[in-house]
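Novice: Please model the entire structure based on the sequences and the hints provided.
Just so we're aligned, residue 1 is where the sequence shown starts under the UniProt record's numbering, counting upward by one.
Just so you know, nobody snuck in bad clues.
With a straight-line Cα cutoff of 20 Å, these simulated SDA-like cross-link-like pairs (lysine to any residue) come out: (1) K197 - R126; (2) K275 - E219; (3) K338 - I322; (4) K338 - Q326; (5) K130 - A188; (6) K197 - R121; (7) K504 - N434; (8) K76 - P42; (9) K63 - I45; (10) K197 - L36; (11) K320 - T331; (12) K320 - V309; (13) K362 - R372; (14) K320 - L337; (15) K197 - D103; (16) K197 - L228; (17) K63 - A34; (18) K275 - R225; (19) K320 - N307.
What the hints contain is simulated information worked out from the structure, not anything from laboratory work. Bear in mind the structure is a predicted one, so any value in this text is a computation, not a measurement.
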Amino acid sequence: MTVEANLRGRLWSDEPSKIDFLAARAIAETISDAVLDDALDPLAIGLSGPWGSGKTTVLELIKADLDARSDPEAAKILTVRTDPWRYDPAVGAKESLIGEVLDEISKELASRLAEVEETKREKIKRLLKKLSDRIDWAKAVKLAAKSSLAVQLPGIDAVLGLIREPGTAGGDGRDEPRGLAGFKAEFAELLGLEELKHVRRVAVLVDDLDRCLVDTVVETLEAIRLFLSVEGMAFVIAADEDRVADAIRTRLPEWTMPAERADDDDALPAEPPSKLYLHKIVQTTVPLPALGAFDTESYVLLLQLQNRVDNRLTDEQLQKVIAECQRFRATGALDDLKAPDGFDVQQELSFARRLTTILYEKLRGNPRRIKRFLNDLNIRRSIAARRGIMLEFDVVAKLMVLEVLLPDQFQAVLSWLRTGELRERLEALETQANRPIQEQAREPNVIERDEAVESIAPEVTTAATAADFDTEPAGDPEEGATAVYKPAPSVASHFPDDMIRWAKLPPDLHDLDLSPYLHLAASFRGDLLVSAELPQHLRDLAAQLTSTRTLDRRQLTDDSLRALTPDDVSQLVRHLALRARDRIQEQRGAVSGIVRLASLHGSAQPAALDAFRRLPASDLQPGTAIILAGCDIPEMKDVINDLAARLPDGNIKRALRTPPPTGRSGRQR
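Specialist: Written out as structure tokens, the structure reads:
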């Protein structure tokens, strides 16, 4: 398996990170301060941000910070992680949340009951049993079967025995209340036990509430409301506040709210009922900011360093790089970042710097979307490599930026491939992108390609002017000076600003064979790259002319080609010329087809010569060189000399200068 195809270490998990790549520790510690502030006890605080903004990672940092501040003997902080999105749908959300909190408290009590006298131990068990009994156990059977809710007493049979109709005798011979009306008082009694005096705070970290269905959202908030009259309870609710309010809105009818100061036009509009309800439970909300440009760059850098396959950094070394990023936050640039001794991070830093601006703008500083982009990039590169499409990582990254972040412009590039003008358009784009801004402003209006490439159409072909040639020595000294054709980009266009910005990203692409990759990318999108410039009746002819199968080419007789109209021949030569230039793997077949048409239609010969001159010498294939060497149309020798002058010495240059044996032409049979 090639290095490009191997995905080991190139993908990032979507699970929350325990390492702070997001510079979120300041937010986590601020929330921890609020949780432990006795003046705010009890507390529900929100952590709001859109999906993928890093809320779960911040919850991990909060938990780590609270655990670090916890004193198990005198001021323990009991943290409870809960995720309503993962609740068993057969068990109510309210019952699930209450059950998880009671379960955690029960475990804490269980560790201390051994030292408690029997009478008090039984009292504690009865209190837990009463709290458990207040939950709607008809819904909570599955949860009870999995938890240690009653400090391992009673067993599951006894727990099932608690499920009874209202009015039946309780375990102590009295009628027990079934609802949650007395829950607050009994829960306060539980937290006030001497055996829990060492617990300073029960901190419940609620995640993914904004992913849940409406019923789960509302029931979870109602459960939180039950706890908020009991000192020692704190809730951190990580959810997009607007999405939670949307869920509440389906339960609370909207009505026109009067302005808080009706006579003041500058007063803010009153909050809708859904927000009023939410803010009655959640006292304040900390917004999780999107990554800024600097943080996006450092995040991309750190992700790459985290998953290095070779010369990996230890956790300690990675933490040093994180600290370096933090140090440079004030300056807003990582140019002087110092890597740990023995490590070079310039490659990763250069990659991050190139992509930062466009990732920051198009993905809105969303960590999950950035991570998904990098994962998609590595998966695409692996698939391409396994299909024999070997492109440098920077090339695939640049194309993925276009495909994922600029989809409309990517469709334009596919259309260039479809019409056979990919290289010409890319060259014109990169030429424009690399000019000073002042020159770009003086660019002419869009020139349609049909006007710009007139030299390819035989009926309007003119000989190349002297200005198109430079006189310089050819490859072989004995042949003297040779006119060397230097084609200029034949497409001059204005391009959208986004596309020009994209074109400025290194590397340049117009000299690369991108056709196989773009066909692969188009197939993932369900796009058919059918040639758009050829009429339908000529598409099959073009396919037969360029086929690698001898049988296909022989079935296309010379008589059928002679019967073509001049316009049909013109379109075919133009189409094949562009395929020969844009698609290296089809170059030989396309050149062979042009030679065949030019040998049967004299009017097509000038366009054929122009097409051969426009072939990038660096892309010339051995089979193509042999076909060109055997082409006997007039002025072909000048074309061969021009191509040879642009080639280094080697087999391809020798093949181009070596005519085939007498009686054989360059046409494929």
